[in-house]
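Listed in order, the protein sequences are those of chains A and B.
Counted from 1, the first sequence has number 168 at position 168 by the numbering used here; the numbering is strictly sequential.
Counted from 1, the second sequence has number 374 at position 149 by the numbering used here; the numbering is strictly sequential.
Mimicking SDA-like on lysine to any residue, the simulated pairs with C-alpha atoms at most 25 Å apart in a straight line are:
| no. | chain 1 | residue 1 | chain 2 | residue 2 |
| --- | --- | --- | --- | --- |
| 1 | A | K12 | B | D626 |
| 2 | B | K387 | B | N423 |
| 3 | A | K12 | B | E532 |
| 4 | A | K114 | B | A550 |
| 5 | A | K22 | B | I628 |
| 6 | A | K113 | B | F230 |
| 7 | A | K113 | B | M552 |
| 8 | B | K387 | B | Q399 |
A partial selection of chain A residues facing chain B, derived with a Cβ cut-off under 10 Å:
| no. | residue |
| --- | --- |
| 9 | N49 |
| 10 | L54 |
| 11 | S78 |
| 12 | V85 |
| 13 | F87 |
| 14 | N93 |
| 15 | L95 |
| 16 | Y97 |
| 17 | N103 |
| 18 | L109 |
| 19 | N111 |
| 20 | R154 |
| 21 | A157 |
To be clear, the hints were calculated from the coordinates, so they are not data collected in a lab.
Beta carbons: idealized from backbone N, C-alpha and C, even for Gly.
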Amino acid sequence: MIEFRNISKVYKMGEVEFVALKGVFITVRQGEFLSIMGPSGSGKSTLMNIIGCLDTPTEGFYYLEGENVAGLTFDQLSTIRNRKVGFVFQNFNLLPYATAYENIELPMLFNGKKAGARRQRVSELLEMVGLSPWARHRPTEMSGGQQQRVAIARALAMDPPIILADEPTGNLDSKSGHEIMEIFSRLWKGGRTILMVTHDPAIAAFSQSTIRLLDGAVQQDGAAT
Amino acid sequence: MIPAFFRNLFRDLVRQPLRTFLTLSGVTWGTFAVILLLAFGTGIGKQQMKQFRGMGQGIILVFPGQTTMTYNGLPKGRRIQVTPDELELVKKRVPGIRTLSPEFISSRNIRYGREQLLNTVRGVDVPFERIRNTIPAQGRFINETDVRQHRRNCFLGATIAKSLFKGMKPVGQQVMIEGVPFTVIGVMIEKDQNSNYNGMRDTHCAFIPWTTYMTLYGEKYVQNFIVQPGDPALSKQTIAALRNYFGGRLGFNPLDKDALFVWDFSDFERQFNLFFTAFNIFLGVIGSFTLLVGGVGVASIMLVVVEERIREIGIKLAVGAKRRAIMWQFFAEANCIILIGGAIGFLLAALLLTLLPAEQLEEYIGIPRLNPLVGIVTVLILLAIGTLSGLTPARRAAATDPIVALRK
Chain A
1 MIEFRNISKV YKMGEVEFVA LKGVFITVRQ GEFLSIMGPS GSGKSTLMNI
51 IGCLDTPTEG FYYLEGENVA GLTFDQLSTI RNRKVGFVFQ NFNLLPYATA
101 YENIELPMLF NGKKAGARRQ RVSELLEMVG LSPWARHRPT EMSGGQQQRV
151 AIARALAMDP PIILADEPTG NLDSKSGHEI MEIFSRLWKG GRTILMVTHD
201 PAIAAFSQST IRLLDGAVQQ DGAAT
Chain B
226 MIPAFFRNLF RDLVRQPLRT FLTLSGVTWG TFAVILLLAF GTGIGKQQMK
276 QFRGMGQGII LVFPGQTTMT YNGLPKGRRI QVTPDELELV KKRVPGIRTL
326 SPEFISSRNI RYGREQLLNT VRGVDVPFER IRNTIPAQGR FINETDVRQH
376 RRNCFLGATI AKSLFKGMKP VGQQVMIEGV PFTVIGVMIE KDQNSNYNGM
426 RDTHCAFIPW TTYMTLYGEK YVQNFIVQPG DPALSKQTIA ALRNYFGGRL
476 GFNPLDKDAL FVWDFSDFER QFNLFFTAFN IFLGVIGSFT LLVGGVGVAS
526 IMLVVVEERI REIGIKLAVG AKRRAIMWQF FAEANCIILI GGAIGFLLAA
576 LLLTLLPAEQ LEEYIGIPRL NPLVGIVTVL ILLAIGTLSG LTPARRAAAT
626 DPIVALRK
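Modelling step: build the complete structure from the supplied sequences, incorporating the hints.
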């Protein structure tokens with residue numbers, strides 16, 4: 001499903017070079033639930049950005065469902081982000097002036113889905129995350145947990161096989177965090193591949209396996225404790 | 226996508242009312258200025274042309290004068306004199322003439338009952354009506370029979386008819402010109418006229434058959450004659466042919482401009498048209514610069530908007546928007562602002578033009594009108610400005626790095 005072969009990422013800031021990832025090999029099979037742990041600055045976010053096709057590696061090969069992503073243009077990567085990957089962010093990243101409904105609809109606006117199909121899909125998703133009565137509310141009128149559920153619904157809008165979650169519970173209290181993790185577990189059992197960055201071992205415990213990053217390299221690849 | 230676009234646009238415009246107002250007002254004012262300038266420009270041009278045509282359309286006025294060159298042993302300073310009989314021959318012998326009329330002019334006493342005026346009397350031929358646009362509002366102009374039989378019939382200008390008859394019907398009445406009774410056969414329409422020669426303007430004149438004029442006042446030579454060329458564009462050739470012809474007949478050098486003094490209206494009209502076209506372009510350019518300033522305002526506001534919505538752009542890119550979609554969004558938004566501002570300016574200008582008491586100003590500046598040309602030019606300028614002011618912000622927005630944008 002996801003295969004990293006010797007992926008490196010180097011940021012150049014003037015004369016200074018910053019190596020975010022050095023020679024990373026990762027393989028994620030379909031239907032796997034993987035947590036990525038590590039201290040800040042260890043390259044977790046860069047790894048996630050590359051997997052999610054927001055960023056491109058400086059070196060190495062990245063195969064997504066068997067396709068080499070490295071040589072694609074920005075717009076081709078946009079299509080991949082739209083169809084194959086759903087992002088869930090720590091700070092939700094919802095459009096503040098748009099309603100829950102409009103936020104969930106957003107990914108579908110970029111590939112010409114018919115209005116009827118969009119409406120049906122949005123109500124399905126609202127139902128699924130238990131927010132049907134909140135369709136017309138804006139993010140500012142919702143709790144953090146509710147906002148994150150809207151974000152998950154948005155990530156699922158195009159029914160992507162892969163969900164990428166970057167500290168999805170980082171801004172939430174433990175109760176809301178658990179609710180969110182239960183949704184992820186459900187999605188995983190439904191057959192989706194989930195990659196999640198987290199600090200919290202209790203949250204990582206929901207996943208099947210964990211990898212640890214340190215200074216841009218994979219330290220350990222094993223079962224979750 | 227389309228309704229969502231307008232919803233977002235509307236939300237953006239409403240969220241910052243003051244900023245929206247300032248941005249729109251720049252464009253509105255620019256459009257308003259362009260439309261008014263062009264409307265007034267074409268109005269003035271049309272009015273001037275109309276007054277100018279009060280004299281006639283594409284005509285050549287010829288005044289026999291004095292020679293200033295010796296010719297075939299003849300001295301200079303000789304008077305050149307033309308008889309109506311000579312003009313009959315000219316019609317046949319000089320190419321390029323459609324029609325012509327002799328003209329005799331003098332000031333005469335005109336009386337009706339107790340009203341007495343000293344006005345201009347013009348002795349003319351039948352074609353004068355077509356050549357000089359002396360169109361009757363009542364009755365008719367002088368006809369062939371009047372001329373042939375030396376009838377004492379007269380055709381009055383609108384003002385003189387009003388002064389003499391005070392609202393009574395003039396046609397069929399008798400007026401006394403220098404004590405000789407004339408029957409009024411027609412009254413001219415009211416017309417604007419901004420140029421003239423010898424005597425008063427047409428509206429103050431009485432027109433009588435030239436044959437009658439010659440018999441009554443003992444004139445032998447015409448004061449001037451008016452030629453209507455077959456093609457006004459060829460007026461220069463017609464004039465040269467006239468000078469050649471008369472030079473041979475009356476003995477003067479055809480190059481002697483003062484022997485026959487010529488006033489060429491079609492040449493005038495060409496220069497006039499050229500001047501007003503240039504004038505309108507000048508006004509349009511001034512207006513466009515005003516509008517351009519408004520466009521710069523929109524562009525800078527849009528750059529700020531792009532900066533403010535950088536996270537929104539990041540989110541959209543993350544969920545799969547192509548760069549083109551982002552670019553289009555901001556480009557369309559800038560153009561919408563321009564078009565909304567333009568529409569308001571257009572309506573305001575149209576409103577002003579409707580409410581303007583144009584009738585009172587008509588004689589001087591004409592009636593400013595929103596003609597289709599003004600509309601098309603304005604829309605084209607607006608589109609050009611919209612493109613210019615939308616492109617930079619849209620490009621900036623589309624070049625956003627989603628990772629940087631999402632971190633903000």
